[in-house]
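As they're listed, the protein sequences go chains P and Z.
All residue numbers for the first sequence refer to our numbering, where the first residue is 1 and numbers rise by one.
All residue numbers for the second sequence refer to our numbering, where the first residue is 1 and numbers rise by one.
Hint data in this document are derived by calculation from the structure and do not stem from the laboratory.
Careful, some of the hints might be misleading.
Claimed, not checked - Far from chain Z by the CB rule (all over 10 Å, computed), these chain P residues:
| hint | residue |
| --- | --- |
| 1 | A16 |
| 2 | A46 |
| 3 | D47 |
Said to hold, decoys possible - Straight-line C-alpha distance at most 20 Å; calculated SDA-like pairs for lysine to any residue:
| hint | chain 1 | residue 1 | chain 2 | residue 2 |
| --- | --- | --- | --- | --- |
| 4 | P | K23 | Z | R328 |
| 5 | Z | K346 | P | D13 |
| 6 | P | K23 | Z | L331 |
| 7 | P | K31 | Z | T382 |
| 8 | P | K31 | Z | E19 |
| 9 | P | K31 | Z | E333 |
| 10 | P | K31 | Z | M238 |
| 11 | Z | K346 | P | I11 |
| 12 | P | K31 | Z | T317 |
| 13 | P | K23 | Z | T387 |
| 14 | P | K31 | Z | A286 |
| 15 | P | K23 | Z | A302 |
| 16 | Z | K346 | P | F41 |
| 17 | P | K23 | Z | R386 |
| 18 | P | K23 | Z | S374 |
| 19 | P | K31 | P | D13 |
| 20 | P | K31 | Z | S381 |
| 21 | Z | K346 | P | A38 |
| 22 | P | K23 | P | A39 |
| 23 | Z | K346 | Z | M290 |
| 24 | P | K31 | Z | V385 |
| 25 | P | K23 | Z | A286 |
| 26 | P | K31 | Z | K346 |
| 27 | P | K23 | Z | T317 |
| 28 | P | K31 | Z | A340 |
| 29 | Z | K346 | Z | D280 |
| 30 | Z | K346 | P | Q43 |
| 31 | P | K31 | Z | A287 |
| 32 | P | K23 | Z | K346 |
| 33 | P | K23 | Z | L309 |
| 34 | P | K31 | Z | L339 |
Where is the CB? At the ideal position from N, CA and C, for every residue including glycine.
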Amino acid sequence: MTIESWLSAAIADAEARGLPELKPLLEALAKATIALRAANFIQSPADSRQS
Amino acid sequence: MMTIEEFGRRLRAREITSEQITEACLRQIEADNPRLNAFITVMADDARRRARQADQELAAGRDRGPLHGVPLSIKDLFDIRGLPTTAASHVRDGHIADRDAPAIAHLIQAGAVFVGKTNLHEFAFGTTNEDSAFGPARNPHDPARSPGGSSGGSAASVAAGMALATIGTDTGGSIRIPAAACGIVGLKPTLGDVPTGGVVPLSHTMDHVGPLTQTVADAALVYHALLGDPHAPIPAPMRVAGLRLAVPRAYFCDLLDDDVRARFEGALERLQSAGAHVADVDIHHAADIMPIYLHLQLADAAACHAATLDEMPERYTPPVRLRLEMGRYVLAEDYVRALAGREVLKREVDAALAQHDALVLPTLPIPAPLLGTSTVRIGSSTQPVRTVMLRLTQGFNVSGHPAISLPAGLTAGRLPVGVQLVGCRGQTDGLLRIALACEALISFKSQV
Numbered sequence: 001m002t003i004e005s006w007l008s009a010a011i012a013d014a015e016a017r018g019l020p021e022l023k024p025l026l027e028a029l030a031k032a033t034i035a036l037r038a039a040n041f042i043q044s045p046a047d048s049r050q051s
Numbered sequence: 001m002m003t004i005e006e007f008g009r010r011l012r013a014r015e016i017t018s019e020q021i022t023e024a025c026l027r028q029i030e031a032d033n034p035r036l037n038a039f040i041t042v043m044a045d046d047a048r049r050r051a052r053q054a055d056q057e058l059a060a061g062r063d064r065g066p067l068h069g070v071p072l073s074i075k076d077l078f079d080i081r082g083l084p085t086t087a088a089s090h091v092r093d094g095h096i097a098d099r100d101a102p103a104i105a106h107l108i109q110a111g112a113v114f115v116g117k118t119n120l121h122e123f124a125f126g127t128t129n130e131d132s133a134f135g136p137a138r139n140p141h142d143p144a145r146s147p148g149g150s151s152g153g154s155a156a157s158v159a160a161g162m163a164l165a166t167i168g169t170d171t172g173g174s175i176r177i178p179a180a181a182c183g184i185v186g187l188k189p190t191l192g193d194v195p196t197g198g199v200v201p202l203s204h205t206m207d208h209v210g211p212l213t214q215t216v217a218d219a220a221l222v223y224h225a226l227l228g229d230p231h232a233p234i235p236a237p238m239r240v241a242g243l244r245l246a247v248p249r250a251y252f253c254d255l256l257d258d259d260v261r262a263r264f265e266g267a268l269e270r271l272q273s274a275g276a277h278v279a280d281v282d283i284h285h286a287a288d289i290m291p292i293y294l295h296l297q298l299a300d301a302a303a304c305h306a307a308t309l310d311e312m313p314e315r316y317t318p319p320v321r322l323r324l325e326m327g328r329y330v331l332a333e334d335y336v337r338a339l340a341g342r343e344v345l346k347r348e349v350d351a352a353l354a355q356h357d358a359l360v361l362p363t364l365p366i367p368a369p370l371l372g373t374s375t376v377r378i379g380s381s382t383q384p385v386r387t388v389m390l391r392l393t394q395g396f397n398v399s400g401h402p403a404i405s406l407p408a409g410l411t412a413g414r415l416p417v418g419v420q421l422v423g424c425r426g427q428t429d430g431l432l433r434i435a436l437a438c439e440a441l442i443s444f445k446s447q448v
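Next comes chain Z alone, as it looks inside the complex:
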């Protein structure tokens, strides 16, 4: 499937229309969705109407910017007026959104075409997509495997060519994890950059909205459209020569699948060969990330779900219900300890970045796991799948730093690996400039 950038060039050269690319996506959905279960709602009629409108507007001289006429999929956690927002849960049965989420309104203003709403881990509370009222989404690289989560249907839709890009949410890694598992780009902007109104919440203190795309340039285009700035150009890449990158080895590189480690080290070597300076850096409390995250996220989620846990507990999938119930037992004093730990972690990541342009680390310690497995072997140890999948991403939800996952090749078993770049807080564009520079050296565009 062509990128947004390429489509835009061809659209304006009158070589293709929005209707044509939208029909191609709808055909791909019809062919592959029965196998991948990436979509909960396919918006074929609406997509055709918006695509036709986009073509008519362009013919009349109105160009809404780089997303004009671009078919996107939307995680089914965002309100789109007139449609159900299921959050992949029967708790939401009967819901119809009466307005567009602000992020969605920005995309409509930018001329985007929505082909459908994508499957996810119920209420975005999981990393595998297995617990969904609509059944699991599946990984296009191997349908026996998870596409990652929680934005798993979103990532699968882009990796399989059902949309040019997609919008996800990320509370502990839910954009970056599926991006890595499916071999695409996933951007978690700085905390608070993109409005979260009209998005079913999981954690009011750690939810992020961002794009999953085929390239970093596309991520920049969609990110700016989400901000309500649809005409912003792709930022200029930084120069790789002289770029200062830091690897937080302790904790972040302690527990990695052998193939993931090899792809990561290979990416570092290519960056160094191109003139980047790569040094190790220490984040002193990195080993405390999991307990900090867990106490914040569980309590935040339990607060969001308290009423429906009491009123309709049977409508949740049992694993998600149990994890939400667990959050009701977090003591206030421990939540406050976690908040204090969060401030410490922010300062430590800031300090690690003070002398460097970005941190570089793997996104996901393992390749996409088989659906139905609760543990995974890494070296000689057996680890819980959920804990391992969150291990390298959740810290930057706690700290709020922007982070982007880039595809970094395939394992021997032909499964994608992701490498993550983390930038300074409040400088998502700066991170995108670094990612644009590093993309060709890190990435290996995986084909499905």
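Only chain P is shown next, with the shape it has when bound in the complex:
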């Protein structure tokens, strides 16, 4: 799941649950998730690094 699609779905779900004030928090979490994924801690099967 891309972060964009996750964020859209999360904001829509939060609004449906009556929690629209979660939106800025979810946007902040999305920024942290971008950083986490960019750190590349998990080796992808397509990764050229040695296993």
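Based on these hints, arrange chain Z on the given structure of chain P.
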């Protein structure tokens, strides 16, 4: 207020009794708690009973060790049999503990006297103590300011002389942050050292139990009592001359209030003048600490609170409820990425310590913030208070290394500054030996 060490000497010299020191603490609570809101429950009758018992036991020749008859406060996150454990939340309304947490049982065995249960950020999920069902605890140095959090009431109780020491918990800095904000010592032991049973959890993978005290020696005494080893002596200090200290400057020293930076650099100069070797060291993924911590901590906390978030959401303070709800949206794949990052960070901190005795860095990038503020200015930038307060401590909850915050003087505005020492995993006693050696050079004991 006298230290545990000094009280112990005077107690055994028959110059003071446990009843006398306990009454002094209770008087201080009566005088200052309306102003500081440090306590949720004051245990005056129980404290007097335990103090009387401690004096009778000592007179009869039974000495339980250095905590015998010592008045302590306890963060209201620990179960004490027969009392509510509120966690500063209405979610816990009606709760009464049916047994003592193992850490509490160890303190009772050690002869400690509990003067009360202290205020905290609701469920230990915050750094300022503002979100509490019982109102905010306040900083004894300036009651308009936060005492730090989440163990803010605990730190305030010691800084204001309401207890000789206190017990807190630390998931992202909740012992060290309030210790720094209130000008006292705060020890986060190695992950897993002290049992967390009977403590309302925030993160099953990062919660730590430890003491906040006036001195490092007192921290060592309380730490050993928490382990169930109440007769352990204070470890011998290492020699400062030849001590190898490493400063992780990148990330950890990038964003500091000017006064905090000046106090930190002053402490480094004094250590070097006394013969310590101080070198810079790199923790390669330091900038990834926040995203790793956030994904672990949010998801862990959401898992703990899932049932009550659904059943009684209105009983949470709105900010804490929202942060817990945020954790329900962390994807499993990102949690696993964070777990992998955690292993990388552990190895990098281990490597940084391989050629050094300890890391040394500031504890809190800013002095205690004013209550009610959500952002703070550092140099030319505006930063979220919560993010900044966690910045220098949370990495060692992720990695599990022991860390201790020592008071390091005051800002121009007379607010305390803390300096943190980080030791090798599994060697909390080794860290205490280093801290004992460095304490007089780093610390400036702040008076309230």
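- With a cut-off of 20 Å on the C-alpha distance, tell me whether P/K23 and Z/S374 pass. holds (17 Å)
- Message: Holds or violated: P/K31 and P/D13, Cα atoms, limit 20 Å.
- Response: holds (19 Å)
- Has the given pair, P/K23 with Z/T387, been kept, meaning a C-alpha gap of at most 20 Å? holds (18 Å)
- Message: Just to be careful, I want the Cα atoms of P/K23 and Z/A302 compared with a cutoff of 20 Å; is the pair within it?
- Response: Given that 20 Å is the threshold and the Cα spacing comes to 17 Å, the pair holds.
- Does P/I11 lie within 20 Å of Z/K346 when you go C-alpha to C-alpha? Outside the cut-off at roughly 34 Å; violated.
- 20 Å Cα cutoff - pair P/K23, Z/L331: Roughly 16 Å between the alpha carbons, so the hint for P/K23 and Z/L331 holds.
- For the pair supplied as a hint, P/K31 and Z/S381, is the alpha-carbon distance within the 20 Å limit? holds (19 Å)
- Is the hinted pair P/K31 and Z/K346 satisfied, with a Cα-Cα distance of at most 20 Å? Since the Cα atoms of P/K31 and Z/K346 sit roughly 23 Å apart, the hinted pair is violated (cutoff 20 Å).
- Task: Quickly compare the C-alpha distance for P/K31 and Z/A286 to 20 Å and report which way the hint goes.
- Result: Holds - the C-alpha atoms of Z/A286 and P/K31 are around 17 Å apart, at most 20 Å.
- Given the hint that P/K31 pairs with Z/A340, test it: the Cα-Cα distance must not exceed 20 Å. holds (19 Å)
- Holds or violated: P/K23 to Z/K346, with C-alpha atoms at most 20 Å apart: Status violated; Cα separation ~33 Å.
- Measure nothing beyond the straight line between the CA atoms of P/K31 and Z/E333; if it is 20 Å or shorter, mark the hint as holding. It holds: about 16 Å lies between the C-alpha atoms, which stays within 20 Å.
The structure fails hints 5, 8, 10, 11, 12, 22, 25, 26, 32 (numbered hints given earlier, in ascending order).
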